[in-house]
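**Q** Quick note, the sequences are listed as chains A and B, same order. The working numbering numbers the first residue of the first sequence as 1 and each following residue consecutively. The working numbering numbers the first residue of the second sequence as 1 and each following residue consecutively.
Each computed DMTMM-like pair below joins lysine to aspartate or glutamate, with the alpha-carbon atoms no more than 20 Å apart:
id, chain 1, residue 1, chain 2, residue 2
1, A, Lys9, A, Glu276
2, A, Lys319, A, Asp335
3, A, Lys319, B, Glu133
4, A, Lys315, B, Asp132
Simulated from the structure, these hints should not be mistaken for laboratory data.
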Amino acid sequence: MAGKTLYDKLFDSHLVRTNDDGSALIYIDRQVLHEVTSPQAFEGLRLAGRQPWRIDANIATPDHNVPTTERSGGVDLIVDPVSKIQVKTLDANCDEFGILEFKMNDHRQGIVHVMAPEQGAILPGTTAVCGDSHTATLGALGALAHGIGTSEVEHVLATQCLITKKMQNMLVRVDGELGLGVTPKDVVLHVIGVIGTAGGTGYAIEFGGDVFRAMSMEGRMTVCNMAIEAGARVGLVAVDQITVDYFEGRPFAPKGDQWDQAVTEWRDLVSDSDAEFDAVVEINAADIEPQVTWGTSPEMVVGISGQVPNPDAEKDAVKIDGINRALKYMGLTADQKITDIQLDRVFIGSCTNSRIEDLRDAAKVVKGRKVADNIIQALVVPGSGLVKTQAEQEGLDKIFIEAGLEWREPGCSMCLAMNPDKLGNGEHCASTSNRNFEGRQGFGGRTHLVSPAMAAAAAVTGHFIDVRELI
Amino acid sequence: MNKFTLHTGIAAPLDRANVDTDMIIPKQFLKSIKRSGFGKNLFDELRYLDEGQPDQSCEGRPLNTEFVLNQPRYQGASVLLARENFGCGSSREHAPWALDDFGFRCVIAPSFAEIFYNNCFKNGLLPIVLRDEQLDQLFKETAETDGYQLSIDLERQLVITPSGEEMTFSIDGFRKHCLLNGLDDIGITLQSAADIRAYEAKRRQQAPWLFDAIK
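Generate coordinates for the entire structure from the input sequences, incorporating the hints supplied.
**A** Given below as structure tokens:
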């Protein structure tokens with residue numbers, strides 16, 4: 001019998017019961033809650049007269065709606081009345097049920113997928129869910145983590161379990177060494193370009209090979225975060241010494257004897273050498289250059305030296321239709337050079353790229369330079385209060401401010417524009433977020449997904465440029 | 001949850017691939033803390049020419065008359081025909097809530113994004129997967145015939161065209177059972193409470209650091 005993949009091990013070790021139709025009940029160790037997808041779940045519990053199964057499996061923080069401007073006045077000063085109600089509802093629900101919440105002005109508050117790992121709330125070998133598709137991020141820790149809908153949030157609150165079905169296994173192997181200026185974001189955008197936006201549907205993707213072994217935890221989180229943009233709910237990286245080192249001393253990580261016991265168990269969280277994958281994709285690291293999305297789906301991506309595609313060169317009718325729609329929405333012309341795309345705003349942040357390394361990468365590029373005249377706004381939004389503090393200790397905030405970028409409070413911000421940070425109609429944005437869908441960053445807004453270094457380079461030149469020319 | 005047994009209704013064709021949940025229900029409407037009232041903003045950026053706001057009446061907003069759901073012949077549609085990877089992107093359950101609130105009972109596509117697919121079943125909305133060529137045929141027949149209606153028989157797992165042609169679809173047994181009977185799956189899971197407790201006791205022994213740590 002073939003060995004087990006990492007996904008198999010995580011799934012099998014959480015199995016409560018298998019049903020006749022192949023569905024399974026799996027135990028969920030951790031649930032992370034935020035204000036947008038939880039209110040109806042708590043309301044459902046109350047209506048059915050149910051209590052949460054286990055309070056200590058949950059942790060919450062508001063992130064999607066919170067303003068990123070000065071907010072010492074607290075929740076009452078949130079300008080948008082609907083956003084204010086939603087944030088207050090999360091506070092009230094967590095208070096009512098006794099769930100630990102880092103409220104808006106707690107220094108540990110942040111984007112759920114940044115806050116949870118940095119607290120050690122999600123650990124290797126756990127199952128973790130959140131009402132947010134980018135929960136895939138947490139697979140970087142060697143955890144089985146994925147997004148769920150609100151009814152499932154309620155189901156997990158009430159039962160500590162999820163009804164699910166085992167996924168298939170895909171291995172994405174990137175071997176070799178990344179070139180100068182090529183970052184984890186470029187790797188994952190390239191992967192999505194290769195397998196397509198639905199290429200991972202039905203699979204748990206394990207990222208393996210030299211490139212991921214050498215990558216930091218922050219980089220691995222960036223990669224797993226976007227597994228969902230390739231259709232896979234789960235992205236995974238095997239546990240190694242980098243993982244173990246990351247967790248040592250985190251607030252909710254085990255201590256003392258339990259730490260030693262935990263580390264021994266975590267060492268087994270790798271795919272067996274004889275494990276069989278249902279699909280394998282192999283990529284050479286040397287083929288990856290800094291990436292830019294030109295269209296309205298993350299698979300519409302090219303290298304910085306490339307051009308906007310021409311529908312005449314495409315044979316597939318669905319693809320042609322998609323390209324034509326995207327060109328129209330994005331206001332671009334076929335064969336246009338990527339470096340000729342002029343930008344209006346820059347956004348550095350989101351659960352994909354708002355960790356300390358991302359901010360360091362961006363700061364390195366803007367240091368001693370100024371934001372270009374045609375850029376209306378360039379935002380830097382750290383992923384959590386702790387990331388913000390660390391960046392300030394390193395002086396990164398000053399570098400950004402001196403260059404003319406805005407230094408903000410933590411939250412999801414312009415990634416999905418539920419708070420006041422948004423694009424105007426027709427504006428082009430170099431964004432380190434994860435989705436370039438129509439209207440995602442604001443009505444009529446045009447998003448180009450890039451790495452933090454590429455966004456920083458775009459901020460100081462006003463158009464896309466190969467970041468390697470600036471470093 | 002609403003039961004789903006037999007349904008017959010007008011089919012509306014949404015002929016584009018990779019329709020994402022941001023498109024189904026844009027983010028500004030996710031600020032609601034309710035499960036209902038999303039129908040008027042379903043496909044908001046495709047349906048209207050202006051930018052919609054939460055708590056705004058949609059009466060008098062400028063309509064995009066080219067959009068399929070604004071065309072007179074598709075008024076009252078309850079079966080949505082779609083293309084590959086329908087419902088990709090965000091996990092927002094507001095997407096099936098909006099489709100349901102608008103009046104859709106069923107979405108037929110060659111493939112769905114997984115989280116959206118799961119979310120549909122929790123809300124009595126039936127996602128059906130048919131082959132590309134079957135969808136091509138349904139799109140063609142819908143375009144050719146005003147008031148084209150499809151029947152869906154969940155018990156027999158059939159989509160039935162007006163000419164009586166039957167197309168079989170698959171569905172997991174448990175999901176079918178829940179939909180046919182309008183069952184709340186939390187109640188069903190809680191029938192396994194003893195199994196869950198037994199697993200939990202074992203887990204507490206194996207990984208004690210996962211218990212009573214977050215408080």
